[in-house]
Amino acid sequence: MFIEYATQHVPEETVRMILMFPIIVTLIAFIRQVIGIKAFGIYTPSLVTFAFLAMGENGAKYGIAIFASVIAVGLVTRFVLKQFRLLYLPRVALNLSIVAFSILALLILGGNYQRTGLASVSIFPILIMISIVEKFVTAQIKGGSKAALILAIETLGISLAGYYLASWNALEEMVMEYPWIILIVLSFNIFLGKWTGLRLGEYFRFKNILKKVN
Amino acid sequence: MFDFFKKGSQILGMNARNLKYIRPSNRKKAIRIADDKMLSKRILKKGNIPVPKLIAKVSNHEDLDKFDWTKLPNGFALKPNRGFGGEGIVVVYGRKKGRPDAWVKADGTMVTIEDLKNHIRGILDGNFSLSETPDTAFFEERVQLLKLFKPYSYKGIPDIRVIVYNKVPVMAMLRVATKESGGKANLQQGAVGVGIDLATGVTTTAVQGKSKMIEYVPGTRLLLSGLKIPYWKEILELAVKAQEISGLGYLGADVTIDKERGPVFLELNARPGLSIQLANLTGLKKRLERVDGLNIKTIKRGVQVGMNLFGGEIEEELEEISGRRVIGVIEKVKLTGRNKKEVEVEAKIDTGAGLTAIDMDLAEKLGFKKTIEAFNAQNFPKFLEQQEARDLNAKEGKRLLKEIPGLADTAIIHSSHGTSYRPMVRVKFEMDKRIVSAKASIIDRSHLKYPIIIGKRDLGRFLIDVNKK
Numbered sequence: 001m002f003i004e005y006a007t008q009h010v011p012e013e014t015v016r017m018i019l020m021f022p023i024i025v026t027l028i029a030f031i032r033q034v035i036g037i038k039a040f041g042i043y044t045p046s047l048v049t050f051a052f053l054a055m056g057e058n059g060a061k062y063g064i065a066i067f068a069s070v071i072a073v074g075l076v077t078r079f080v081l082k083q084f085r086l087l088y089l090p091r092v093a094l095n096l097s098i099v100a101f102s103i104l105a106l107l108i109l110g111g112n113y114q115r116t117g118l119a120s121v122s123i124f125p126i127l128i129m130i131s132i133v134e135k136f137v138t139a140q141i142k143g144g145s146k147a148a149l150i151l152a153i154e155t156l157g158i159s160l161a162g163y164y165l166a167s168w169n170a171l172e173e174m175v176m177e178y179p180w181i182i183l184i185v186l187s188f189n190i191f192l193g194k195w196t197g198l199r200l201g202e203y204f205r206f207k208n209i210l211k212k213v214n
Numbered sequence: 215m216f217d218f219f220k221k222g223s224q225i226l227g228m229n230a231r232n233l234k235y236i237r238p239s240n241r242k243k244a245i246r247i248a249d250d251k252m253l254s255k256r257i258l259k260k261g262n263i264p265v266p267k268l269i270a271k272v273s274n275h276e277d278l279d280k281f282d283w284t285k286l287p288n289g290f291a292l293k294p295n296r297g298f299g300g301e302g303i304v305v306v307y308g309r310k311k312g313r314p315d316a317w318v319k320a321d322g323t324m325v326t327i328e329d330l331k332n333h334i335r336g337i338l339d340g341n342f343s344l345s346e347t348p349d350t351a352f353f354e355e356r357v358q359l360l361k362l363f364k365p366y367s368y369k370g371i372p373d374i375r376v377i378v379y380n381k382v383p384v385m386a387m388l389r390v391a392t393k394e395s396g397g398k399a400n401l402q403q404g405a406v407g408v409g410i411d412l413a414t415g416v417t418t419t420a421v422q423g424k425s426k427m428i429e430y431v432p433g434t435r436l437l438l439s440g441l442k443i444p445y446w447k448e449i450l451e452l453a454v455k456a457q458e459i460s461g462l463g464y465l466g467a468d469v470t471i472d473k474e475r476g477p478v479f480l481e482l483n484a485r486p487g488l489s490i491q492l493a494n495l496t497g498l499k500k501r502l503e504r505v506d507g508l509n510i511k512t513i514k515r516g517v518q519v520g521m522n523l524f525g526g527e528i529e530e531e532l533e534e535i536s537g538r539r540v541i542g543v544i545e546k547v548k549l550t551g552r553n554k555k556e557v558e559v560e561a562k563i564d565t566g567a568g569l570t571a572i573d574m575d576l577a578e579k580l581g582f583k584k585t586i587e588a589f590n591a592q593n594f595p596k597f598l599e600q601q602e603a604r605d606l607n608a609k610e611g612k613r614l615l616k617e618i619p620g621l622a623d624t625a626i627i628h629s630s631h632g633t634s635y636r637p638m639v640r641v642k643f644e645m646d647k648r649i650v651s652a653k654a655s656i657i658d659r660s661h662l663k664y665p666i667i668i669g670k671r672d673l674g675r676f677l678i679d680v681n682k683k
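Residue numbers (the numbering used here), protein chains in the order written: chain V, 1 to 214; chain E, 215 to 683.
Looking at chain V on its own, in the form it has when it is part of the complex (with noise of 0.2 Å):
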């Protein structure tokens, strides 16, 4: 009933997308709780997921090649700009656009290809996915490269999840015809934030006490 009214209003797409976007943060959420991977944080990962879906059928194909090429780009360019002592906000904004004539350089290499599947993509999962490199680049300066790429990896991973889980039909009709089963995703919510159990990669990490105590 509901969403008969509300697809009479807006797009039948746009209200799956925001019904989906609560099991995908949940999705998340859980995915740094109880299995303990970091990623960049929730917005990113819950971003990244939304442009592979915005990329169609081939999200997740176009997405990684985006999503590689992004952040392979930035550690490059990190090395070059660090010898010019730049401030924050100007090294980011040069990293930025580094990145972003390389995707165009992309896009135009595989048209050349005749990929153009790649190239037809809307420009907007695109932006949003050189926007990360920001992201990156902080993480690197915080922590180092490599700690960096392990955020890089795991936010792949957890979009990846994310993407899938979106675009799995059965929960796809599921969430359109009974959309209140959301009210469940929220309650979930509740049960992680007051959830102190160790995480799933807490155990990896403790291991070692874990095999010496009684």
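The hints are simulated quantities; they were obtained by calculation from the structure and are not laboratory data.
Check the hints yourself; a few may be wrong.
[To be verified] Ranges of calculated distance between the beta carbons of each label pair, as one might list FRET restraints:
1) E:Thr-323 - V:Tyr-113: 43 to 49 Å
2) E:Lys-361 - V:Ile-190: 38 to 44 Å
3) V:Leu-200 - E:Lys-259: 40 to 46 Å
4) E:Asp-279 - V:Thr-14: 52 to 58 Å
5) E:Lys-500 - V:Gly-201: 16 to 22 Å
[Unchecked claim] With the C-beta cut set under 10 Å, the calculated list includes, among others, these residues of chain E facing chain V:
6) Arg-231
7) Arg-356
8) Ser-425
9) Leu-492
10) Gly-507
11) Asn-681
Don't be surprised by glycine CBs; every beta carbon is placed ideally from N, CA and C.
Take the given structure of chain V and dock chain E to it, following the hints.
This is chain E only, laid out in the frame that chain V set:
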């Protein structure tokens, strides 16, 4: 599998730390103090806690332009006021020879005024700040490395992290900089954390970086365990006092030791990390739960409780490895003599004596009355020359063993009074759960405090700790 998860309940994870300890114990106001290094320095100093002296601060770009570089000493630390995780800190150890505008860092590289200016600009722009907002930079006095720590630390100064909860120190570790950590004592950057036995201040197990267990100082054959931290009790007291002053109910206190000043308080930490558990190979949650709800009135009491509750692991470990019991200088023993007669007394452990000796009275109680009487009836001289004693033993020894009931052997005892010829009897003693069958000489010890001394020959299964009571 279920057991595995049950064991996990002893360990403090990120979720429990945030929700159960940091959130309820660390109020916003207190966290603000901890996150502002200059403010915490001021507040701690007011509370009579020794801190590194502030040399100068740079609050904005105008300050930086006007900064008088000549007032900096040869060694100093430059820090972001709201930095975290040891980021953005520059420590210099002396001036570069022949360069009035340059200093030398821990790793030997040079830092010029121009470098420092650039770094300070970064700090002012908030590159190292917790919230990525504009920050203040400050210079403080550099702590002088203690000689004892020199072989352990690659460049930088080791410090001691103490977790304090409810006025009780619950866990501690020594943090040592390594080559990987670039002279910084921060575990995330690859430094080494060495667990510390709270009762004794002696180091135990060690972890490098996130989870690599190690035994030696990286690149050397120097054991990390067994180092006794000087000023141990004072360090714990400083940590508890800092909790009282700052109001941080769940505090990670960073203390170091200056060559001249002794313990110096470095930093308050409102979100102390979890790796301290790996350094100690012990779960923090179990310890926190034991301390929860205790009513601790004074700092000294809190320290005492921590030392009593969370110490003594070293001894157990030592016993496990060596298969020997750790005993003190005075120990309770249960003696069994003839016809299963048992007596419990306090014994003196005497590594200066070869043989165990018991008092005449005690020997009688153990059923050796007849033995003593028969021996005394021989009327040997009380003191003799060494040679005489040897001759006597050669002539009479075998006969005595045959004739005197309960006699196990005879002994020639040398003491400050002279040499004497004494009877020996077989006694069993139980000390610290170990039973030893010993031959003990019988001597008049009525003028001495302890009726029995236990000598080297019977101490093979023990390790003696002179501090143990």
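- [ ] Just pull the numbers of the violated hints for me, sorted ascending.
- [x] Checked against the structure, the hints that fail are numbers 2, 7, 10 and 11, while the rest are satisfied.
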